[in-house]
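Enquirer: If you read the sequences in order, they're chains A, B, C and D.
Going by the numbering used here, the first sequence opens with residue 422, and the numbers climb by one from there.
Going by the numbering used here, the second sequence opens with residue 202, and the numbers climb by one from there.
Going by the numbering used here, the third sequence opens with residue 2, and the numbers climb by one from there.
Going by the numbering used here, the fourth sequence opens with residue 9, and the numbers climb by one from there.
Simulated from the structure, these hints should not be mistaken for lab results.
Take the hints with a grain of salt, since some may be wrong.
Residues from chain C shown here face chain A by an in silico Cβ test under 10 Å; the list is partial [stated by the list, open to error]:
| # | residue |
| --- | --- |
| 1 | Asn122 |
| 2 | Gly126 |
| 3 | Ala168 |
| 4 | Gly180 |
| 5 | Ser183 |
| 6 | Arg236 |
Bear in mind the structure is a predicted one, so any value in this text is a computation, not a measurement.
Built from N, CA and C at the ideal position, the CB exists for glycine as well.
Listed below, chain by chain, are the residues.
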Amino acid sequence: MAELERATPNAGVGLEVRGLRAGYDGSEVLHGLDLTVAPGEIVAVLGRNGMGKSTLVNTLSGSIAPIAGSIHLDGVDVTTAAPSARFRRGLRTFRQERPVFPELTVAQNLSMVGVKSMAKPSSYFEFLAKRGGQAAGTLSGGEQKMLAMARMASGGGSMWILDEPTEGLQPSNVERSGAIVLEAAERGCGVLLVEQHLNIALKVASRWYLMENGLLVESGDVGPDTRRYIFGRISV
Amino acid sequence: MRRLHWLLLLLPLLCLFVSNYYSGLVGQYAILGATAALLAFSWGYAGVLHFFHVVAFGLGAYSVGWFALNLGPDGLWLGLLVAVLLTGGVAFLLGIAGLGKNYSFMTFALVTFVVVLALEQIAVQFTAVTGGFNGLSNIPRLGFGDWRLSGSMNALVLATVAVLLVIGLRWLSTTPYGVALRAVRDAPRRMGSFGVDVPAMRISVFVLTSAATGLLGGLFATQTQFVSPSDIGLAFGTSILVWTMLGSKTTLLGPFLAAIGINFATTGLSESLVDYWLLIMGVVFVVVVRFLPEGFGVWLVRILPSRWRRAPHVEVRRAAPEAPRDAAVGGAAPEFVVEQLSVAYGSNRVLQDVGLHVSPGEVLCLIGPNGAGKSTVLNALSAVIRVESGRWRFGDRQFQGRSPWRIARDGLSRKYQHPSIATDLTVGQNLALAVWGPRYRFRRLLWQRWEIEIEPSAWRILEAGGLDARLDQLAAELSHGQRQMLELAMALANPCDVLLLDEPAAGMTKVEAATLASLITEIARDARPAVIVVEHDLELIRTVADRVVVLQNGGVLAEGTYAEVEADVRVQEAYLGTEAQHG
Amino acid sequence: MDVVINEVLSILSSAAIASVIALGLGITFRLMGIINLAHGEFMMIGAYAAVYAGAIGLPWPLGLLAGVLAAAVVGALAEVLIVRWLYSSPELSILGTYGLSIVLIQGVQVTLGKGYLYSSNPFPGAIEVFGVAYPIYRLVLIGAAAVLFLIILLLLNATPLGTKIRAVAADGKLAETLGIRSSRLNLVVFTASAALAGLAGVLVGPLGNVRPDMGADYIFTAFVIVIIAGNSIVRLIPAAILVSTVQNLMTFWIDPMVAKIAVLVIALLVLQGLRRTPGEVTV
Amino acid sequence: MQIKPRWSVPLAAATAAALLFGMSACSQEPGGGSEAPSGDAGALKIGLTVDLSGVGSMIGTPGKMVAELAVEEINAAGGVNGQQLELVVADNGGLPQNTKTAATRLVESDQVAALFAPVDSASRDAAMPTVVDADIPFFYPTLTEGQVCAPYLFSTANTPQQQLQETIPVVQELEGKTKWFLIGNDYVYPRTSLEAAREFNEAAGGEVVGEEYVPLGTTDFQAVISQIRSSDAELLLPVVVGADTVAFEKQAYDAGIGANVLPRLTISYDDNTMAALGQDIAQNMYVGMGYDMDLDTPENRAFVEAYRAKFGDSAPAVTAYSIYVYATIKAWADAVTTAGSTALADVAEAIVGQVNTTPAGEVTILDNRYAQESIHLIKYVEGGEKEFVQTFDNVIPAETCSVS
């Protein structure tokens, strides 16, 4: 497991996960994971779906209670804390399915994290500017993901966890999402990017983990040949 | 279990040793206990909550009262008959309306709640039949002509009927019919796909319990010799619900004993602390709902010796291996062919003219990025969703347009992605339901004995999963991998020509996935079904797939052996996002 | 002509009362997914508080406030002690709130006695409306109901708190990951619905009879209205008007009993048509 | 923890024992509420089944109190034929089913010599079969629609016909009005009462301009009020009971047809109802009842004094619904003394025709087991005061059913 080479400038310790086991009503999906995300660092978790990636995200966000192991955020044990408590400690989550409230309008979805005007969100994705009063449910799948990303971008937070945020987006918007993630990292926010598509993930991340059958089997720093190596491991 | 039943029969005998007053109470409260047990059978076992039990009880009491008072004392026997038929009939109509395909738990409970309110008003108003507010009094006791039973004898008969009914219910709950009810409660969709007629099961249990409650209501009227609207109103109905819940709805003895115990306590103690009694009852009830929602009965069952609680043992035998089918038909072997399969959700087209062909013993793997329509193909072929167009057949047997259980009966069986077996049942019982589902109408389950024959391939999977030694173990106690194996065995329990597997290796560890792969190959070779597998685990696909079809955006992107598909550039693009790099 | 005006006013005032009662019930049913059988008892607590406030000489508005506060306090206590564990399953909510209603009725009977309480009418007498003498108090009720609905709808649709409440109702898990403490919000919403019931109790007191089990008289109609309104708070108003119209007209022209049965038939038809209650997955 | 089979036998026995214990604990339970020491072999027991919980307790609680007072007074005067009386009380919780159980317990388990039941008519019908087997007198001492006769059933309180027969003509005369509107809850007691009222109105030269029935538990009376307003009614005869009464009268008063505009003659508004209505609404209402606590007669003054002395000033008001429990227990005691036995036939023979002086005036039980008694026409005037307009003595109950 690649060690953390250099101490990061920020004071906070970021996200530390030790021996995490979790699953659904009795059947275990995560069989003991260890991972860390330092503030300002972007870490990608790669692997085909069905390997437990979404279970990892839901456990880190607090929606699912872990069976065993521990989760620390900036040194504080949040293993059994409620999602709202983790939110107050700076954790922000981007869920893969239904990331927004369909019944509420676009503006109301954004107001959930205290965003009052459409200016900032539409600076990330222009189409949002004129959609403020529209119910989020009427947006397409991709547009909903962009709304959720805009909400993440305008919602602050010191540790982001994103579950396949770019799936179904055209290339231009995939780039835009990548830029948002980079911008967040620059201001010291740690990012755990769970992705099935290698391209965008390896473009922004500085470190990677490979996930197979509920375990992180390999990890390393992103280098020139990382893409070909992982491609071999998970491709068809 | 026998000893418990003899103990229960002690209760009616009490009537002989105590004063007329107490024997009357024993008779009445035994009837109320049996009514609570009937409600538990419908609510706890079949998952159908309703307030109709009070309507049935009232109809029974009124019909006995009316016939006895208008046609002379012996009219009460006709009254009892009418009670059963009338309540059964009304329950049947309500069942057809509310328990059909789109049954909703809350809506049905609300509907019967509103029906109770209506009938309470009608009973007060419809003076000609119900005697209005004062109700009917001087209803004769059981007997023939001038010979009428005394108070205690009448109570003895009532208590005996009540106890026999509870014993009958306990027997019924261990028959395949009773066990199938619990499976329908836990996994209605899965049982439906096996061919279990879920609506019929629910309606039958609703009618059965309502008719029996009607009979009990009629008998109750002969004991109290009186019935009035306030006695069968909402308050009465809710108190039965309370006893059933306190006694725990997933048992039958719990509600029976709870009803008797609470009623005796109410009559015994209420004088001395009349004002506080109801308050205490309210507080106790709230505490139980909060801390012990499944009621006291469950404790009772846990401390009972386990020998009394063991589920019936299922005798599972291996069927003789049949001659391989494809040799039988002269000339070309019958193939599984799918043509122009198209599916659309509203305006969003999910599948567009998909064509497949799989010969017996061949394993075809369907792969593609998620959202490509893989599961939709399986859902369409097993008729879980409606298709816009498309035909699929095995040999000359057509499948399109048929209902799921008829498809299952004709040899196309399927394993779902998430194992949805009935966890409250044992491994053997799950297998039995899978075998009987497509074959029998639910009535046959009543007298079916617990012994089944399963296909050799299913037996092979049980052995591989170590389940052959755990037939009597509850499914809830199995590991995730074992549950997948059981699900697979259930899909193969009956002879099947076409086997659809939806991500069989999902959530399995590497070792389990490997054994599964070898099993699939072995089954394809021996039983020679045409197999279609939707899967992400590439090692599994590499070992089992004879041919691979790659789907993208609802269409076939590529087809060929695993090696050909792996080398195909378009596939890599589809899987890995925009630019595919070579090498 | 004035018979028609009188009829319309009667329907409006009945609908006003019924909709205020149904509002609290609708909120717990629609926003929290639980069926609150103790709703009538919160009304009773409100009515009792108003009567006792009046007895010690407080003016009517303070009596109203006392009723609302008393019901809110009892509602909050009930939420913390028992209701909090009922959100998971509708059937538990029926049984839990049924037990709660027994405790509240018997508690009041044992402490404050069982008799009827005298609740005076704050706006006695009648005034001329389009040439028809109509009780002032009932006109006040129509006004109060309209204002109340306006406030609640504005609060739900136009304020951040309202958005949060609707978010928790739509997807509690997602709201929780956005930092909304759903358990605290549920406490606020349930307390508010109990306060609304208390308000309804105070308003109804002068018209009817204040006694420990007064709740039962009103719950039936409120239940039917909530069923007919389906899963929308706004539709409570037309549903209340429909039920009041049927009840008033049928009582006037045909027979009170037929009116009661007719309302039940409407509820059954709506339930059948509705097929499933809001937000519930069927199979 | 695996329970070994041999434990099952003691376990089964334990559950059976618990059941038996539960029941045996009940049988030693004394009637409760009675003063005399329990199990006093020599005492002559009489049973009282009454509704002590729920809103029905406004009749039941005073009923029980006056019964205790009567027994205490009889025992103080030497009891009955030298035997001390013991009152055994059973609560019926307002449900006919429970009344049946309570009556059976009193009759069969406590072996009472007579049963007194101030309950509603549905509960009375429920209890009657039990008393038939026991061959003891069954006293029904509260307001009733009558119509039921039996050798063992003694209905000693007012019937609607008694309350209306003399009072309707007097009210018509006093108010100088003749057009009546009849309204009542939709069940047997109001239906019977208003049928009798229609007869007496027409006999007294009056006219019924409208008749309307509403279901029990009605909360909105607007439709009925508009019907009353659109008819040219001058007088109102409401037989509305319980909570419906308060709702109807308040809404009628608000709608401008209060008693000040449309005087009422009523037979079911007792002190508790009037207190809930308040002085303004109660003003100008006539009530025809067999008893009122403020009756100014020596017997009543003595009774009220004794009642207040025993139970204090805050004790619930005694009304026509509960006074006859007191009167009937005393009448039964006198009859047993004259007959020298408690057997039904002897008691019946002695009590029929026996003139009893009671706080409600003279009460004489006739051979159809109903009672000829006084009826008082009371008018509620300014400030909640009561004016005793007129008293009619020995009003005969015109019950058509006979006992033979």
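Enquirer: Compare the structure with each hint and give your call.
Expert: Now the hints, each set against the structure:
no.	hint	verdict
1	Asn122	violated, 42 Å
2	Gly126	violated, 46 Å
3	Ala168	holds, 5 Å
4	Gly180	holds, 4 Å
5	Ser183	holds, 7 Å
6	Arg236	violated, 15 Å
In terms of the numbered hints stated before, the structure departs from hints 1, 2 and 6, listed from lowest to highest.
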